[in-house]
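Colleague: Just need the whole structure built from these sequences, with the hints factored in.
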Amino acid sequence: MNARLRFDGITKTFPGVKALTNVSFEVAPGEIHALLGENGAGKSTLLRTLSGVAKPTSGEFYVDGVIAAFKRPEHARLAGIAMIHQELQQVPNLTVAQNMFLGHQIKSAGGMLVNRREQEKRAAEALAMIDPTIDPSVPIKTLKVAQRQIVEIARALLDKAKIIAMDEPTSSLTPAEFENLAKVIERLAGLGVSIIYVSHKMDEVFRICHRGTVMRDGNVVGTVDLKTTAEADVIAMMVGRELQHEEHNSFVKEDVRVDVRGLSSAVTHVRDVSFTVRRGEVLGIAGLVGSGRTELVRMLAGVDAIADGTIAIDGATLKLTDPRSAISAGIGLLPEERKREGIIPGRSVSVNMALPSLGKFSKSGIVRHGAIKSRANELLKRVNLRPFQIDRPIRLFSGGNQQKAIIARWLAAGSEILLFDEPTRGIDVGAKSEIYHLIENLAAEGKSIIVVSSELPEVIRLSDRVIVMRNGRIAAQLERQELSEQAIVAHAVGDAGLKTHSAKQEQAHV
Amino acid sequence: MSDITTSQPARSSSPFSSFSVRDAGTLIGLILIVAVFAMLVPGFVSERNLINILQQSSINACIALGMTLVIISGGIDLSVGPTAAISAVLTASLLVAGYPVPVAIVAGLGIGMLCGLVNGILVAYVGLQPFIVTLGTLSTYRALALIYTGGNPVLGVPMTFRSLFNGNIGGIPNSVIIVAVIALVAWVILKKTPIGEYLLAVGGNEEASYVAGVPIALTKITAYVISGFLAALGAMILVGRLGAAEPILGNLWELDAIAAAAIGGASLMGGKGSVIGTILGAIILGAMRNGLTLMNVQAFYQLLATGLIILVAMMIDRVTRGRG
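Chains H and R, in that order, are what the protein sequence lines are. The UniProt record's numbering applies: residue 1 is where the first sequence begins, and numbers increase by one. The UniProt record's numbering applies: residue 1 is where the second sequence begins, and numbers increase by one.
Hints were generated in silico from the structure; no laboratory data involved. Predicted, not measured: the structure shown is a model, and the values here were computed from it. Among the hints, a few may not be true.
Calculated cross-link-like contacts (lysine-lysine; reagent style DSS-like; alpha-carbon spacing at most 27 angstroms) [what the hints assert, rightly or not]:
| # | chain 1 | residue 1 | chain 2 | residue 2 |
| --- | --- | --- | --- | --- |
| 1 | H | K381 | H | K360 |
| 2 | R | K191 | R | K272 |
| 3 | H | K339 | R | K272 |
| 4 | H | K121 | H | K141 |
| 5 | H | K160 | H | K121 |
| 6 | H | K162 | H | K144 |
| 7 | H | K71 | H | K162 |
| 8 | H | K160 | H | K144 |
| 9 | H | K18 | H | K55 |
| 10 | H | K107 | H | K160 |
| 11 | H | K121 | H | K144 |
| 12 | H | K71 | H | K55 |
| 13 | R | K191 | H | K363 |
| 14 | H | K360 | H | K339 |
| 15 | H | K381 | R | K191 |
| 16 | H | K107 | H | K162 |
| 17 | R | K272 | H | K360 |
| 18 | H | K107 | H | K121 |
| 19 | R | K192 | H | K360 |
| 20 | H | K339 | H | K55 |
| 21 | R | K191 | H | K339 |
| 22 | H | K363 | R | K272 |
| 23 | H | K183 | H | K141 |
| 24 | H | K339 | H | K381 |
| 25 | H | K381 | R | K192 |
| 26 | H | K160 | H | K183 |
| 27 | H | K360 | R | K191 |
| 28 | H | K363 | R | K192 |
| 29 | H | K183 | H | K201 |
| 30 | H | K121 | H | K183 |
Derived contacts from chain R toward chain H, CB cut-off under 8 angstroms, selection only [unchecked claim]:
| # | residue |
| --- | --- |
| 31 | T193 |
| 32 | L200 |
| 33 | A208 |
| 34 | V214 |
Chain H side only, calculated, beta carbon under 8 angstroms to chain R, not exhaustive [as the list claims (entries may be wrong)]:
| # | residue |
| --- | --- |
| 35 | V303 |
| 36 | R324 |
| 37 | I327 |
| 38 | P335 |
| 39 | I344 |
| 40 | L355 |
The beta-carbon is built from N, C-alpha and C at its ideal position, and this holds for glycine as well.
Modeller: Okay, here's the thing in C-alpha cells:
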C-alpha cells in the first residue's frame with residue numbers, strides 16, 4: 001500500500017470515557033479526505049492525537065508507510081503534519097511573515113538576530129503558490145479571517161507539510177471566500193499534499209472531497225467514496241438510528257411572556273432586535289458564527305450591557321443591570337462555554353445547582369445544606385444526572401451531565417425563561433437526545449425557552465419558531481412550517497439580491 | 001419478605017464532615033513535628049510549653065484566617081502588617097490620650113476594616129490586580145503609620161487594656177481564646193453562610209459565578225474587610241503583650257500568614273482553603289520556631305527551617321493531589 005497516512009487502531013480513553021475506539025483508515029497522497037460525524041463523534045480528539053497534543057492510549061500512525069509516534073506537537077510537525085484550527089492560532093500584532101516563522105525564525109548574525117527580510121521573501125514564495133494577493137509584511141490583524149486561514153496554510157507549506165488537517169475551516173467564511181479556499185485546497189492536492197477536511201457542511205464536503213470517513217461515538221462507521229455515495233446515506237451513517245425520526249412537539253400557549261423591542265447592545269454589534277416568546281414556546285436562534293446569537297442571549301441574561309431598547313416580561317418592563325437582576329426576573333442562562341462560564345469546577349453538583357438560589361436555601365443567614373440536598377435529589381434525578389452522586393465535584397462529570405446540572409440550577413431558581421446557548425456542544429449523542437427531551441418537557445410545563453445553536457438539525461428539531469441573525473440584526477423570522485436548513489442558511493448568509501447589492505456598493509467605493 | 005433498602009446517607013451537617021483528608025494531612029504534619037521536637041528537646045511537650053506555642057501562634061493564626069478567606073476568593077492581602085500597624089498606633093494613641101478602652105478598641109478595629117475596605121474597592125470596582133493593590137497599600141499604610149507617629153513608638157498603654165488581651169482565664173491565654181472564637185466564626189462563615197459559598201465560587205470560577213448571579217464585588221470586599229479586621233485584632237493582641245505600639249509593627253506578617261494558609265491547604269489560585277488547615281498551619285510554624293529556639297538554634301537557621309517546611313509541605317500537597 002502507498003498510503004500517505006494510515007490510522008491503525010487508534011484508541012483514546014479518558015477516565016470514564018472511551019473517546020476513540022480502534023480508529024483505522026487511510027489517506028492517499030493528494031487526496032482530499034473528509035472526516036465526518038456529529039459533534040462528540042471523536043473527530044476533534046482524533047485530530048488532537050494526530051497533531052501530538054493528546055497521546056493515544058493505543059494504536060499507531062504510519063506516514064508514508066513508516067511508523068510515527070507523536071509525543072509532542074513538534075514531532076507531528078516534523079513528520080509533515082500540519083493543523084489548521086477553527087480558532088486561528090496567530091499573534092495579531094505580528095506581521096504575516098513573523099507569524100509564519102513563529103517558533104522557528106530564520107536567524108542571522110550567528111543566531112542573535114532575526115532575518116526579517118529573508119523571512120518575508122520565503123513567506124512571499126509560499127504564499128505565491130496558493131494566494132499571491134497577500135502581503136507578508138502587513139500585521140496579521142489587518143487581514144480578514146479567510147486570508148488569515150490562507151496564511152496558516154502557507155505556513156504549513158513552509159514546514160514542508162505532507163498532510164494538512166483542517167478543522168471546520170469554513171465556519172465563518174462567506175460563500176465567495178469558500179470558493180477561494182476550495183481552489184487553494186484543490187491546488188494543494190495537485191501538489192501532492194493530502195488534506196483531512198472536517199466540516200459539518202455537507203454540500204462543501206461533497207463539492208471538494210474525494211473520500212470520507214464517517215465517525216460515530218468514537219468509532220469509524222465506514223469510509224466511503226463521496227463521488228458515488230448519496231448525501232442521505234452519509235448522514236444516516238453519521239447519526240445512526242435513534243435520532244432520525246424524532247418528531248417535533250409543540251406546546252405553545254396563547255399569552256406572550258417575553259417581549260423584546262429594539263434591543264441594541266452596548267458592547268457588541270447586536271442592533272435593533274425585536275421579538276416575542278410565548279408561554280411554552282421554544283424559539284430557535286440561528287445564524288453564522290459572529291452573527292450575534294450568543295451576544296443577544298447574553299444581553300437577555302444581564303451579562304452584556306444594553307444600550308437601547310426594552311425587555312418586558314408578562315407586560316412589565318425589566319431593568320437589567322447584571323445577571324442577578326435577570327435571575328430575579330426569572331431568566332436563566334445556560335452559557336455556551338460551560339467550563340468557563342457555567343460551572344464552579346471544584347464544588348459539588350448540588351452546590352453548583354444551588355448557587356443562584358442560596359438565599360432561598362438559607363434561614364437567618366445560615367445555609368440549610370439539608371434543604372439543598374433534598375432539592376438536589378429531586379431535581380438532579382429529574383434531569384437524570386449520571387452517575388447520581390450529588391456531592392461529587394462537578395468537574396468529574398461529563399459535559400452532558402454538567403449541562404444537566406446547570407439545567408437543574410435554573411429549575412431550583414424557579415426560572416420561567418431559559419436561555420440555552422449551544423445546549424449540546426461537545427455532548428455525546430445519547431445525552432443530546434436526553435437534553436432535547438428535557439427542553440421539550442420544560443416547554444410542556446409552560447416555560448419559555450430560547451435555543452441558540454449552530455447545528456441546524458437541532459434548531460429545526462426543537463424550535464416552534466426560528467430567528468435568523470446576520471451581522472447583529474434579525475435577518476428573518478421563520479415559522480415552524482417554513483423551517484428548512486436551506487431556508488435558514490439562505491437568510492444567514494444573505495440572499496443573492498443582497499450580495500449583488502453589496503458588491504455594487506464595494507465597486508462604488510473603489 | 002422484608003423490604004431492605006440502603007439507609008440514606010447521614011446528614012452532612014455534623015461538624016466533623018468538614019475535617020477533610022487534606023486537614024488530616026496537615027494534622028499528621030503537626031504531630032510529626034511535635035514528635036521530633038519531643039525527642040530532641042526536654043520539656044517541649046510540657047503543658048506550659050504547649051500553651052506557649054499556642055500563644056506564640058495566636059497572632060499569626062488570627063492574620064492567617066483573614067488571609068485564608070481572601071486567598072479563597074482568588075485574591076491576596078499583602079497589606080496586613082501595615083494595616084495592623086495603623087490600627088495599633090491609633091488604638092495606643094487614643095488610650096494614652098485617655099479615651100475609654102472600648103472606644104480605642106472600636107476605633108482600632110474600625111480603621112483596620114477601613115483599610116480592608118479600600119483594598120476591596122480597588123480590587124472589586126477599580127479592577128486592579130489584588131497583588132498590585134495590596135502591594136501599593138502595603139507601602140501606603142506603613143507610611144501613614146510612620147507619618148502619624150513621626151516614626152516614634154507610642155508608649156504607656158494602660159494595664160486595663162493590656163490585661164484584656166494579655167491576661168488568661170484558668171491558665172489559658174486570652175489571645176488563644178480570642179483566636180479560637182474567631183476560628184469558629186470563620187468556620188461558620190465559610191461553611192454555613194451564603195457569603196462562604198460565594199467566596200469559594202468566586203475563587204473557583206469568577207466568570208461562571210457572575211453568570212450565576214453571585215454578587216462578585218460584595219464577596220471580594222467582604223473578604224478584604226474581614227482580613228483588615230483580623231489584622232487589627234492581631235495588632236491589639238501584640239500591643240497588649242508589649243504595652244506599646246510601634247509604627248513598624250507587623251513587618252513581614254503577610255508572609256507568615258500566607259505560609260500558614262498554604263500549609264493548611266489554601267490554593268493561591270483561589271477556590272480552595274480550610275479554616276482548620278490554616279489554624280494547624282499556624283501552629284506548625286509556631287511549634288517549629290518554639291522548638292528551634294529551645295534548642296538554641298540561631299535565627300538564620302530558623303528562617304531556613306521555616307522556608308524548607310513551606311516547600312516540603314507544598315511538595316507533599318502536590319504529590320498527594322496528583323494521586324487523588
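Colleague: All the hints need checking, so say for each whether the structure fits it.
Modeller: Here's how the hints hold up against the structure:
With a CA separation close to 20 angstroms, the supplied pair H:K381 and H:K360 stays within the 27 angstroms bound. Of the supplied pair hints, the one linking R:K191 and R:K272 holds, its CA atoms being roughly 12 angstroms apart against a limit of 27 angstroms. Using a Cα cut-off of 27 angstroms, the hinted pair H:K339 and R:K272 holds, with the two alpha carbons roughly 18 angstroms apart. Among the hinted pairs, H:K121 with H:K141 is consistent with the structure: their alpha-carbon atoms are about 20 angstroms apart, no more than 27 angstroms.
A threshold of 27 angstroms between alpha carbons decides the hint, and for H:K160 with H:K121 the separation of about 16 angstroms falls inside it, so the pair holds. Restraint check for H:K162 and H:K144: satisfied, since their Cα atoms lie roughly 26 angstroms apart, inside the 27 angstroms limit. A threshold of 27 angstroms between alpha carbons decides the hint, and for H:K71 with H:K162 the separation of about 19 angstroms falls inside it, so the pair holds. For the suggested pair H:K160 and H:K144, the alpha carbons sit about 25 angstroms apart, so the restraint of at most 27 angstroms is met.
For a cut-off of 27 angstroms, the pair hint linking H:K18 to H:K55 stands: about 14 angstroms separates their Cα positions. Proposed proximity of H:K107 and H:K160 is supported: the alpha carbons are some 19 angstroms apart, at most 27 angstroms. Of the pairs offered as hints, the one joining H:K121 and H:K144 holds, with about 22 angstroms between alpha carbons and a cut-off of 27 angstroms not exceeded. In summary, the hint linking H:K71 to H:K55 is supported, as the alpha carbons are separated by about 6 angstroms, within the 27 angstroms threshold.
The hinted pair formed by R:K191 and H:K363 meets the criterion: a straight-line CA distance of about 14 angstroms does not exceed 27 angstroms. Proximity of H:K360 to H:K339 is assessed by CA-CA distance (about 25 angstroms); at most 27 angstroms being required, the pair is judged to hold. Simply put, H:K381 and R:K191 have alpha-carbon atoms about 25 angstroms apart, close enough for the 27 angstroms limit, and the pair holds. Annotation: proposed proximity of H:K107 to H:K162 holds, straight-line Cα distance about 25 angstroms (limit 27 angstroms).
For the proposed pair R:K272 and H:K360, the alpha carbon gap of about 24 angstroms is at most 27 angstroms, so the pair holds. With a CA separation close to 14 angstroms, the supplied pair H:K107 and H:K121 stays within the 27 angstroms bound. Pair hint R:K192 plus H:K360 holds up; C-alpha atoms about 14 angstroms apart against a cutoff of 27 angstroms. This hinted pair checks out: H:K339 and H:K55 have alpha carbons roughly 22 angstroms apart, not beyond 27 angstroms.
With a C-alpha separation of about 24 angstroms, the suggested pairing of R:K191 with H:K339 holds against the 27 angstroms cut-off. Taking the CA atoms of H:K363 and R:K272, the gap is near 25 angstroms; set against the 27 angstroms cutoff, the hint holds. Proposed proximity of H:K183 and H:K141 is supported: the alpha carbons are some 24 angstroms apart, at most 27 angstroms. Between H:K339 and H:K381 the CA atoms are separated by roughly 22 angstroms; this keeps the pair inside 27 angstroms, and the hint holds.
Straight-line distance between C-alpha atoms of H:K381 and R:K192 comes to about 25 angstroms, which keeps the hinted pair within the 27 angstroms bound. Annotation: proposed proximity of H:K160 to H:K183 holds, straight-line Cα distance about 20 angstroms (limit 27 angstroms). The hinted pair formed by H:K360 and R:K191 meets the criterion: a straight-line CA distance of about 17 angstroms does not exceed 27 angstroms. Using a Cα cut-off of 27 angstroms, the hinted pair H:K363 and R:K192 holds, with the two alpha carbons roughly 10 angstroms apart.
At most 27 angstroms may separate the alpha-carbon atoms for a hinted pair to count; H:K183 and H:K201 meet this at roughly 17 angstroms. Pair hint H:K121 plus H:K183 holds up; C-alpha atoms about 24 angstroms apart against a cutoff of 27 angstroms. Taking 8 angstroms as the C-beta contact cut-off toward chain H, the hint placing R:T193 at the interface holds, the least distance being around 6 angstroms. Residue-level restraint check for R:L200 holds (minimum Cβ-Cβ distance to chain H is 6 angstroms; threshold 8 angstroms).
Using the Cβ-Cβ criterion of 8 angstroms, the hint placing R:A208 at the interface with chain H is satisfied: the shortest such distance is roughly 5 angstroms. The closest approach between the C-beta of R:V214 and any C-beta of chain H is roughly 7 angstroms, which is under the 8 angstroms cut-off, so the hint is satisfied. Below 8 angstroms, beta-carbon pairs count as interface contacts, and H:V303 has one with chain R at about 6 angstroms; its hint therefore holds. Nearest Cβ of chain R to the Cβ of H:R324: about 4 angstroms, under the 8 angstroms cut. The hint holds.
Checking H:I327 against chain R: minimum C-beta separation of about 4 angstroms stays under 8 angstroms; hint holds. Residue-level restraint check for H:P335 holds (minimum Cβ-Cβ distance to chain R is 6 angstroms; threshold 8 angstroms). Against a cut-off of 8 angstroms between C-beta atoms, the interface hint on H:I344 holds, since the closest Cβ of chain R lies about 4 angstroms away. Hint status for H:L355 relative to chain R: holds, with the closest Cβ pair at about 5 angstroms, below 8 angstroms.
Checked against the numbered hints above, the structure violates none of them.
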